[in-house]
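Number of protein chains: 2
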Amino acid sequence: MARLNLRCQVAACLPLLLFLRVFAESGKLLVVPQDGSIWLSMKVLVEKLAQRRHDVVVVMPENALLLQTSQHFTVKTHPVPYTQEQLNEIYGNIGVNTFNSLSFFEKSIQIHANISQVMTMMASACQHLLSDEELVTFLQDKKFDALLSDPVLPCGPILAEYLSLPTVYFLRGLPCAMYSLMNRRMMLKVKICFLKTHKIVFSHMQEFEAIVNKSGEHGIVVFSLGSMVSEIPEKNAMEIVEALGTIPQMVLWRYTGKAPPNLAENTKLFKWLPQNDLLGMFKAPMGSNEGICNAVPMVLMPFFGDQMDNAKRMESRGAGVVLNILEMTSKDISVALKTVIYNKKNIQHLSDLHLDRPIPPLDLAVHWVEFVMRHKGAPHLRPAAHDLKWIQYHSIDVIAFLLGVGLLELFISLKCCLYCCRKCCCRSGRMSKKSKSKSQ
Amino acid sequence: MARLNLRCQVAACLPLLLFLRVFAESGKLLVVPQDGSIWLSMKVLVEKLAQRRHDVVVVMPENALLLQTSQHFTVKTHPVPYTQEQLNEIYGNIGVNTFNSLSFFEKSIQIHANISQVMTMMASACQHLLSDEELVTFLQDKKFDALLSDPVLPCGPILAEYLSLPTVYFLRGLPCAMYSLMNRRMMLKVKICFLKTHKIVFSHMQEFEAIVNKSGEHGIVVFSLGSMVSEIPEKNAMEIVEALGTIPQMVLWRYTGKAPPNLAENTKLFKWLPQNDLLGMFKAPMGSNEGICNAVPMVLMPFFGDQMDNAKRMESRGAGVVLNILEMTSKDISVALKTVIYNKKNIQHLSDLHLDRPIPPLDLAVHWVEFVMRHKGAPHLRPAAHDLKWIQYHSIDVIAFLLGVGLLELFISLKCCLYCCRKCCCRSGRMSKKSKSKSQ
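Protein chains in written order, with my numbering: chain W, 2 to 441; chain H, 2 to 441.
Treat the hints loosely; a few may be bogus.
In silico BS3-like pairs for lysine-lysine, Cα to Cα no more than 25 Å straight-line [as the list claims (entries may be wrong)]:
#1 K345/H - K377/W
#2 K346/H - K377/W
#3 K345/H - K49/H
#4 K345/H - K144/H
#5 K346/W - K269/H
#6 K346/W - K332/W
#7 K215/H - K345/W
#8 K339/H - K215/H
#9 K29/W - K49/W
#10 K236/H - K108/H
#11 K236/H - K269/H
#12 K269/W - K332/W
Computed footprint of chain H on chain W, listed as stretches where at least three residues anywhere in the stretch have a Cβ under 8 Å from a Cβ of chain H [unchecked claim]:
#13 358-365
#14 412-420
Quick partial rundown of chain H residues pointing at chain W, CB under 7 Å, derived from the structure [claimed, not checked]:
#15 V153
#16 L154
#17 P155
#18 D357
#19 F372
The set of hints was computed from the structure by calculation and includes no laboratory data.
Please read these numbers as outputs of a predicted model, since none were measured by experiment.
The beta carbon of each residue, even a glycine, is placed where N, CA and C say it ideally should be.
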């Protein structure tokens with residue numbers, strides 16, 4: 002084959018190149034994750050990258066809610082100024098306080114205090130990581146190719162800046178203003194942001210197979226209040242249990258508290274469910290044999306954080322029903338469950354659109370992390386808007402200039418008009434005087 | 002395998018699903034292309050879609066510059082009010098007039114007249130298509146799934162609106178304002194826009210293999226003035242030929258005019274070159290064995306249209322040298338050629354970034370056209386900004402409201418201050434009067 006011919010077939014041979022690259026290159030990746038549900042999906046990406054022979058080091062606090070070691074990657078822990086028990090109590094309070102019988106104002110203050118506690122705890126973990134000289138020196142000597150982090154806390158970005166590493170961000174969707182704020186104050190060198198607007202589904206479900214197979218034609222309902230809340234007051238639990246007892250499906254519920262006394266036969270409690278990353282949702286799959294692309298309709302009970310936003314988006318597309326977790330009755334739950342279980346058209350359509358993509362999302366995430374590692378960043382993918390001042394971004398300089406020119410023009414025209422008018426008036430004044438004096 | 006387990010592995014099985022889909026579904030696609038260089042890359046996509054068993058119908062005028070029938074798809078022609086000779090003359094004038102010795106002002110008027118002629122010709126072709134009742138009825142009866150078009154002329158969009166078809170646009174990059182203009186006046190239902198910011202390279206080069214193999218270690222230089230210009234005045238051609246004679250590479254030049262008398266031995270003229278879609282560029286591949294990912298440095302001589310923009314972008318990234326086609330001397334060309342041939346670092350870097358993608362661009366384009374055909378559109382991928390009025394888009398309503406509130410506040414504060422001041426003044430006035438009268 003002639004050289005020229007070969008040279009022109011680059012596009013066609015790209016998959017081969019990518020395939021070869023798997024065996025040709027392996028890099029070093031530093032991961033600074035965020036504790037909580039976001040870690041559950043980030044972990045899938047980190048494990049996949051480690052399986053592709055990259056040297057992956059994950060830095061995490063010695064006490065955490067969901068951050069855990071794995072056989073797939075190296076973990077470096079750093080000390081924190083709180084015990085595992087203190088941490089569990091702080092997270093536990095969020096669930097319990099949501100259901101107490103305080104006024105709206107008192108409850109708002111209490112929830113704010115809870116969230117502040119969590120943030121203070123995370124910030125102190127971050128401080129302890131950055132002041133751990135031994136760890137930071139180890140990270141420095143390791144000469145990583147890139148850093149993967151969640152930018153909700155500035156720990157990862159600061160470390161990236163200090164170690165001069167290109168950064169890949171993995172987040173659920175940060176408000177633009179907050180991102181831009183971080184970007185300007187802190188001079189972050191962000192390379193790529195993954196907006197995790199789709200959740201990745203887990204597949205290690207073997208231990209639940211027996212129950213699922215027993216559920217028969219009706220299938221199962223999975224009940225979870227998110228990864229951070231696993232226990233609620235007994236009164237509320239009983240309300241929920243009563244509703245769950247009215248449906249023919251088998252119910253799997255992640256619950257670490259005391260079993261409610263009215264627990265129905267179809268409801269089983271578990272300390273942990275693999276779908277835990279599906280925050281604050283009822284998952285109610287139809288037990289039909291519609292195949293692997295079967296969509297899952299939802300009853301959503303948003304708690305806090307971005308759950309309300311997620312829930313409302315699902316509801317607005319007709320793919321779920323949202324309930325107020327504080328005011329719902331067992332009848333509300335029962336009606337909502339039946340509504341979603343027997344009306345799957347919208348969720349099926351959304352599912353079709355969601356799954357119809359040119360490349361699986363995990364492969365895409367792996368590609369872009371490796372891209373940043375290979376090319377030491379991706380400045381050409383960064384919107385040029387990030388380098389503009391806010392005055393430029395909103396075109397205020399242009400508008401002000403045009404407004405200035407317009408006003409100046411108006412001013413000059415007015416002055417000219419006034420001058421002309423005065424001249425005319427004077428002349429006509431003189432003329433009328435003349436004619437007056439003539440007529441006299 | 003349990004049902005639940007299957008259900009949860011959707012992401013992993015996506016490639017299989019896509020593979021199965023190739024054989025399961027075939028749709029009907031209507032293509033309304035734009036004559037000129039853009040057709041050369043659109044044709045690659047259209048042929049690929051036809052190969053995937055879709056029923057593809059391309060509508061084109063009976064006389065055209067580059068639009069041609071193909072064995073891969075059905076072509077429907079419609080009559081136009083000009084002959085092939087008239088069309089050739091109009092396009093030929095553009096090249097000849099660029100080099101004439103008129104003043105800048107006269108030349109601008111002439112080029113504007115040329116472009117107007119082309120646009121008038123295209124518009125009349127468009128009118129003839131839309132008023133061809135027999136053809137439009139045929140298209141209506143065919144019940145297509147989607148329409149693929151270039152939106153520079155409104156022919157495709159109007160037809161899509163009339164036939165109520167979801168539309169996929171394929172374009173080089175239309176100014177935003179123009180797009181938004183079309184979008185609001187004409188109520189287009191655009192589904193997906195491909196911004197063709199990367200060119201697709203062709204691969205049918207067999208007839209040139211002998212020449213390329215003969216070129217030896219220096220390799221070849223390909224010279225093309227774009228698909229619309231293939232002939233220039235003899236004086237300018239001789240200037241270029243003189244420069245091309247000074248380099249050791251073999252030169253392939255697409256030229257339909259009379260061969261210049263000073264043609265060097267290393268320069269061969271051809272009526273057609275497959276790289277024709279590389280508008281207004283010198284293509285100067287090094288003849289080395291750097292493999293299929295070999296980047297091609299360029300000397301660029303922009304003519305008209307978006308060529309200046311493209312050329313300046315390449316130059317700003319250090320990947321090419323731009324020459325003024327009207328003022329360049331043979332020495333300028335020679336120096337520029339040697340500069341790019343012996344300085345390939347930047348173009349190599351750009352090429353690496355460009356080729357490093359998760360899926361080949363042609364496959365991606367095929368995926369999204371088929372996506373629109375499968376789901377009858379893709380409204381969820383359309384930016385919500387398109388549904389905003391321009392006042393909303395630029396937040397002028399919000400700014401005006403805030404400004405209004407601010408001004409009202411300022412006015413009220415001022416009035417209050419004035420009122421207070423007056424009260425104080427009056428009192429102090431009375432006081433001073435009183436004290437005066439006392440002292441008297």
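Hints, verified against the model:
1. K345/H - K377/W: Judged against 25 Å, a Cα distance of about 20 Å means the pair holds.
2. K346/H - K377/W: 16 Å, holds
3. K345/H - K49/H: Violated, because 33 Å separates the two Cα atoms, which is more than 25 Å.
4. K345/H - K144/H: The given pair, whose Cα atoms are some 51 Å apart, is violated under the 25 Å limit.
5. K346/W - K269/H: At roughly 64 Å apart (the allowed maximum being 25 Å), K269/H and K346/W break the hint.
6. K346/W - K332/W: Since the Cα atoms of K346/W and K332/W sit roughly 24 Å apart, the hinted pair holds (cutoff 25 Å).
7. K215/H - K345/W: 66 Å, violated
8. K339/H - K215/H: The hint holds at about 21 Å.
9. K29/W - K49/W: 14 Å, holds
10. K236/H - K108/H: 18 Å, holds
11. K236/H - K269/H: 18 Å, holds
12. K269/W - K332/W: 20 Å, holds
13. 358-365: Result for this restraint: holds, n = 8.
14. 412-420: Since three or more residues must qualify, the claim that chain H covers the segment 412-420 of chain W is violated, with 0 doing so at under 8 Å.
15. V153: 25 Å, violated
16. L154: Violated. Min distance 28 Å.
17. P155: 29 Å, violated
18. D357: Check passed: Cβ of D357/H comes within 6 Å of chain W, closer than 7 Å.
19. F372: 6 Å, holds
Hint compliance for this structure: hints 3, 4, 5, 7, 14, 15, 16 and 17 are not met, and every other hint is.
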